[in-house]
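Engineer: Residues per chain are reported as follows:
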Amino acid sequence: MILPLGYLVSLIIFISVYALFGLGLNLQWGFTGLINFGHVAFMAVGAYTTVLLSLQGVPLFIAALIGAALAALLGLLVGISTLRLREDYLAIVTIGLSEMIRLIVNNQELPVGNGQWRSGVFGLQGFPLPFSNVTLNPLLQFFLIAVLTGIAGIGGWQLWRWMRKKLQQGKMSQSTPIASLIMGIIGGVLGLIVYLVGLLSLLDANSFTYKTGLMVVLLLVLTVVFWALERLVKAPWGRVLKAIREDEQVPKALGKNVFWYKLQSLMLGGAIAGFAGAFYAWQLATVYPDNFQPQITFDAWTIIILGGAGNNYGTLLGTIIFWAYFEGTRFVLPGLLPFDDARLGAFRIMVIGLLLIILMMVRPQGILGKKEELTLGK
Amino acid sequence: MVNNPSDSLSDVPLNEPQTDLDEILKQVEDAPSRPQPSDNLLLSANGVNKSFGGLKAVDNATLEVSQGSITGLIGPNGAGKTTLFNLISNFIRPDSGRVIFDGEPVESLAPHQIAQMGMIRTFQVARVLSRLSVMENMLLAAQKQTGEKFWNVWFRAHEVKQEEKDLRERAIAILESVGLAHKANDYAGSLSGGQRKLLEMGRALMSQPKLILLDEPAAGVNPTLINQICDRILTWNREGMTFLIIEHNMDVIMSLCDRVWVLAEGRNLAVGTPEEIQNNSQVLEAYLGK
Chain A
1 MILPLGYLVS LIIFISVYAL FGLGLNLQWG FTGLINFGHV AFMAVGAYTT VLLSLQGVPL
61 FIAALIGAAL AALLGLLVGI STLRLREDYL AIVTIGLSEM IRLIVNNQEL PVGNGQWRSG
121 VFGLQGFPLP FSNVTLNPLL QFFLIAVLTG IAGIGGWQLW RWMRKKLQQG KMSQSTPIAS
181 LIMGIIGGVL GLIVYLVGLL SLLDANSFTY KTGLMVVLLL VLTVVFWALE RLVKAPWGRV
241 LKAIREDEQV PKALGKNVFW YKLQSLMLGG AIAGFAGAFY AWQLATVYPD NFQPQITFDA
301 WTIIILGGAG NNYGTLLGTI IFWAYFEGTR FVLPGLLPFD DARLGAFRIM VIGLLLIILM
361 MVRPQGILGK KEELTLGK
Chain B
1 MVNNPSDSLS DVPLNEPQTD LDEILKQVED APSRPQPSDN LLLSANGVNK SFGGLKAVDN
61 ATLEVSQGSI TGLIGPNGAG KTTLFNLISN FIRPDSGRVI FDGEPVESLA PHQIAQMGMI
121 RTFQVARVLS RLSVMENMLL AAQKQTGEKF WNVWFRAHEV KQEEKDLRER AIAILESVGL
181 AHKANDYAGS LSGGQRKLLE MGRALMSQPK LILLDEPAAG VNPTLINQIC DRILTWNREG
241 MTFLIIEHNM DVIMSLCDRV WVLAEGRNLA VGTPEEIQNN SQVLEAYLGK
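Protein chains in written order, with this note's numbering: chain A, 1 to 378; chain B, 1 to 290.
Be careful, since some hints might not be right.
Unchecked claim - Per the computed footprint, the stretches of chain A lying under chain B, defined by three or more beta-carbons under 8 Å from a beta-carbon of chain B, are:
#, stretch
1, 229–236
2, 253–260
Unchecked claim - Only part of the chain B face toward chain A is listed, based on derived beta-carbon distances under 10 Å:
#, residue
3, Ala142
4, Val160
5, Gln162
6, Gly189
Quick caveat, the hints were computed from the structure, so don't treat them as lab data. Backbone N, C-alpha and C fix where the C-beta goes; we use that ideal spot for every residue, glycine too.
Construct the complete structure from the given sequences, taking the supplied hints into account.
Structural biologist: Quick look at the structure:
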């Protein structure tokens, strides 16, 4: 096989996990304006809950759901204690919280099954993974391909509708929407690549690993969550969140329980991140506290700012660009620069910072953000 | 002292030519008769107090608004009018005092609960949601929307959609009446100051309240729009809406209000019809100094 299928499958899983994770933060910050600098805490709670429960014999999917629920509970606790304070305090409390959770799982003895306890610093290994004991029989193969094709179909159809709308708008304003066309083509090509990678790795029963199955399930989850969020932010519920982001005195004066909506946003975003955490753990197959460094939170912030805050499509695009950059530079940079690995790693993050600064100067609203919004007075 | 009378003199357009005022008063007398406000009190605030540190911003103030009336609240700068508004709507908690709205005490309720009871306030500097469209600003105001609960958005999608359609129709009708229908899809942040005031009033009406508190609806608005704003207030009042208005523009107060309450240095100074207030020597003194 010429294509590095295994690598591509892993990459698609990572991108999807980060997209899911970013969508949670986008709900909290992009739509509600809550400055959450500790988003990784929700992911850690989701990941550890899922893994620890599954080590006790709880079915995987139920364990992941409980993980998401506990992450939401964490959101409730953080929210109740800090949301009455000013915005900046939420930022400080959340970043502190995420470090606290990481340090707890680092130092705490954790129940690793069979009645054994082990210090968290050694990490968790050998926990149950989805599809790990499954051989790819024709029925499963057919089912997974059907799911994948269904997702691709929905994605393609949405893209087609979006392109047609842009073309019609272009016709009315007598201009060709070149940017939209390019964006649409890129989106289509990327979608096709994902579909083909999935299809090829599903068709060859010998190269099937648990990751292929994980990828299909994750893509399904991502599609459902994305759709559910899009529905929400376009509904009256999302309108209240946006109103809170703009000026919370207004919804308050119009009879909306601002505090309760902020809590909902924090909890829902947290639950999504918790769910992403389960997939993160399954993808890594071994989980260490260091997998939940604050860096992960700021990766999500970078992704959202790249794509344009308050835009779920922007979050998807931002994630893809972010990972394309990271993976691209991993292969290209070593040939160009005489740095060792550690320096190279730091250099890649430096460049991300530089790119963000340039983006903020050229296009402060993010790639998919709306320019008009920046010119408005308060 | 915040309200040194000599400081506030320039802010008060009391020294406008008297003829304008007469003209407006005459127009009001000629206008089709408005329903007489009933004796039913929609809102009554009794003995309300609030101190900020050593400053007694509102000192044992009383205020009553009859059902169906347009009630004015005036006073020199720093008299505590906006603070009293904040205390009534509980945006600031009073130190003591009783506020009865629609027959129920509200001083222990949260601001949003008071708004849900039908008392909607506007702000001195109009607050619009800039990055939302004018239409979205309006739709936000509607009360008890099914789609405000997130599970309904997923599981009762059809109902939410239908409701949204009805609300849109209502919003467009109100926007038409305030002359903003053509701006429905623009960002609210692109509106002028006066248009924002109109949007804020329309938004208040959209929530189908019992009482609208207007904080300086005419401040910083050009004369044409002031007329439009006054016209709207009168029309809606004829349709049964009750208003409590803070305003510095005496023409507006005199032409609109059934009853005027005067506040100075946080205390009640006088109450009466606009004519009585105009001829009250204490009031003139408070505004112009001895």
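Engineer: Each hint should be assessed against the structure and marked as holding or not.
Structural biologist: These are the hints, each one checked on the structure:
| no. | hint | verdict |
| --- | --- | --- |
| 1 | 229–236 | holds (count 4) |
| 2 | 253–260 | holds (count 6) |
| 3 | Ala142 | 8 Å, holds |
| 4 | Val160 | 6 Å, holds |
| 5 | Gln162 | 12 Å, violated |
| 6 | Gly189 | 3 Å, holds |
In this structure, the one hint that does not hold is number 5.
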